[in-house]
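Take the sequences, apply the hints, and build the full model.
2 protein chains.
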Amino acid sequence: MKKLINDPEKVVHEMLEGMVLAHLNLLKRLQGTTVLVRNETPARAKVALVSGGGSGHEPSHAGFVGKGMLDGAVAGEVFTSPTPDQVFEAIKAVDRGQGVLLIIKNYSGDIMNFEMAAELAEAEGISVKQVVVNDDAAVEDSTYTTGRRGIAGTVFVHKIAGALAEQGASLEDVHRVASKVINNVRSMGMALSPCTVPAAGKPGFEIGENEMEIGMGIHGEPGIQRAEMASADEIAVTLVSHILDDLKLASGDRVAVMINGLGATPLMELYIINKKVAEILNEKEIRVHDTFVGEYMTSLEMAGCSVTLLKLDDELTELLEAPAHTVAWKKE
Amino acid sequence: MKKLINDPEKVVHEMLEGMVLAHLNLLKRLQGTTVLVRNETPARAKVALVSGGGSGHEPSHAGFVGKGMLDGAVAGEVFTSPTPDQVFEAIKAVDRGQGVLLIIKNYSGDIMNFEMAAELAEAEGISVKQVVVNDDAAVEDSTYTTGRRGIAGTVFVHKIAGALAEQGASLEDVHRVASKVINNVRSMGMALSPCTVPAAGKPGFEIGENEMEIGMGIHGEPGIQRAEMASADEIAVTLVSHILDDLKLASGDRVAVMINGLGATPLMELYIINKKVAEILNEKEIRVHDTFVGEYMTSLEMAGCSVTLLKLDDELTELLEAPAHTVAWKKE
Chain A
1 MKKLINDPEK VVHEMLEGMV LAHLNLLKRL QGTTVLVRNE TPARAKVALV
51 SGGGSGHEPS HAGFVGKGML DGAVAGEVFT SPTPDQVFEA IKAVDRGQGV
101 LLIIKNYSGD IMNFEMAAEL AEAEGISVKQ VVVNDDAAVE DSTYTTGRRG
151 IAGTVFVHKI AGALAEQGAS LEDVHRVASK VINNVRSMGM ALSPCTVPAA
201 GKPGFEIGEN EMEIGMGIHG EPGIQRAEMA SADEIAVTLV SHILDDLKLA
251 SGDRVAVMIN GLGATPLMEL YIINKKVAEI LNEKEIRVHD TFVGEYMTSL
301 EMAGCSVTLL KLDDELTELL EAPAHTVAWK KE
Chain B
1 MKKLINDPEK VVHEMLEGMV LAHLNLLKRL QGTTVLVRNE TPARAKVALV
51 SGGGSGHEPS HAGFVGKGML DGAVAGEVFT SPTPDQVFEA IKAVDRGQGV
101 LLIIKNYSGD IMNFEMAAEL AEAEGISVKQ VVVNDDAAVE DSTYTTGRRG
151 IAGTVFVHKI AGALAEQGAS LEDVHRVASK VINNVRSMGM ALSPCTVPAA
201 GKPGFEIGEN EMEIGMGIHG EPGIQRAEMA SADEIAVTLV SHILDDLKLA
251 SGDRVAVMIN GLGATPLMEL YIINKKVAEI LNEKEIRVHD TFVGEYMTSL
301 EMAGCSVTLL KLDDELTELL EAPAHTVAWK KE
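So the sequences go chain by chain: A and B.
First residue of the first sequence? That's 1 in UniProt numbering, and the numbers climb one at a time after it.
First residue of the second sequence? That's 1 in UniProt numbering, and the numbers climb one at a time after it.
Relax, there's no trap hidden among the hints.
Copies of the same chain look alike in the list, so a pair counts if it fits in one copy or across any two.
Once the Cα atoms are required to be at most 27 Å apart in a straight line, the calculated BS3-like pairs of lysine-lysine come out as:
no. : residue 1 : residue 2
1   : LYS284    : LYS10
2   : LYS67     : LYS331
3   : LYS330    : LYS28
4   : LYS28     : LYS311
5   : LYS180    : LYS129
6   : LYS28     : LYS284
7   : LYS330    : LYS311
8   : LYS28     : LYS92
9   : LYS67     : LYS330
Rather than coming from a laboratory, the hints here were simulated on the basis of the structure.
In structure tokens form, the structure reads like this:
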């Protein structure tokens, strides 16, 4: 294992410190916790959004804390759910009396711990609602999940629910729009290489020199097929076909596209994938409103990518385009 | 070689297509060329900035084309200088009668080809000036370079010279400020793994399971030391020490910091490096004005990082903070 780290047990702490030091104008750490919150107080009381999960998916989630997106992000150990007390600290810190929406990726540990935190918060009189993101079109159940996994589509939930909250909407309304995004978003990924959790010290799985895993999860969970390596175009066709089947998009529909790198994939390759994705959508007369290419939901240094499509209506389009000022999503 | 590509000979073409399709509002391709230019015409005639070089360093350079930064970027084949005719096309396309500044990284091929293009443009009555970026503090001469190499510090030249050009400054003045940035910026990198040029099909060098290369160039050129793997803190100390020696920073100086990932390095690790870099600078009472952590000047899927320090004065600070609207640098 070759990594730019000091102590495998301290990677999350040191990452959070380095992140706050880099972005003092945007982020601050709640002392003694693994919670990062906005460093400015929103101009008026608003519904607050909290997300989080295991570390190793950076810039998710702290990279999306800021105006127009999240109010707080809770970091667990690498690929490990944060504990309920950490989530509870985040909820208490960001609540402005308008309630808190928890955005949870669909992993059993995350759901259990975020729900326990919600109960603790409700007991202190804080209104809490939650949504569970399950955008992975690859498999129905998986290693750490009942039902579909939550992956890169989560970032669209942050963006759109965050924009509505910033406009002063109620907790019910922010919950409604977050649920709408979840209904309208699907993703699918593939991996060329594994990644190594620092505390484990060795790769999470093995894969041959000419193999790839289609439908791989962001913690290395098995996908739907261990296949021979294919071309970028063939891979794009496979991923998009699964998503289109699931989302039932039709000619004339509008989408936002995300081509997400898992950690070790050059931007060059992500753009080559995007070329084919755009061509497929164009052939089907599905209109691409906007495209996001880069690292949004990574798996440490895994090589591979995921494709996400979000079906847009007028409300989602307007909120997607609303201003955001975070480390990893900036929009004027 | 496992890569998300179709044909090793077509990676640059397909990447440029995929990039334009993703960012139609920002970029367009000059037909039949490897040149990307802004898709909006600047509101008034201004000095135009052109950069470029071999591909494989994305988001450099097309990711920095847009308001407040570059007007055009010329892409060569992977790790290969673009030809003079391509650079000449870029110059002709972006010139608005106020002259063109070429921002060249210090590689012999780039300098030769950009200079030939400049001569072709001058012959057609276009005023052209150029700067050569040589920020790499690691080695004096190198495989493809006489003098220091140009690496991630180039992005600060794009940002600051681009901001001054956007304000309507003369070609002489934009050239002056670009030269000032070059005098004030130093970088140094290190690599944990090699990368594979698609057309070559195999890694550019070999490195042991417990080795790293200190001072590695962005094309895999040898650095100053093949050393045993060290901790993130030790690596940060080594890189920053070389830069500080070279830049002669003193207590009270102000800097901008860039922690640049070479392609396969998780953000987590870059933030851990940043933590130590910030601590070192704080100890020396060097004030960090702003910090940029992410992928700015990559080497395909090489693992490793570079650290860049830019010494700021009031003019450079103001221009660094000026608005920019590009794929990879957004500032309100």
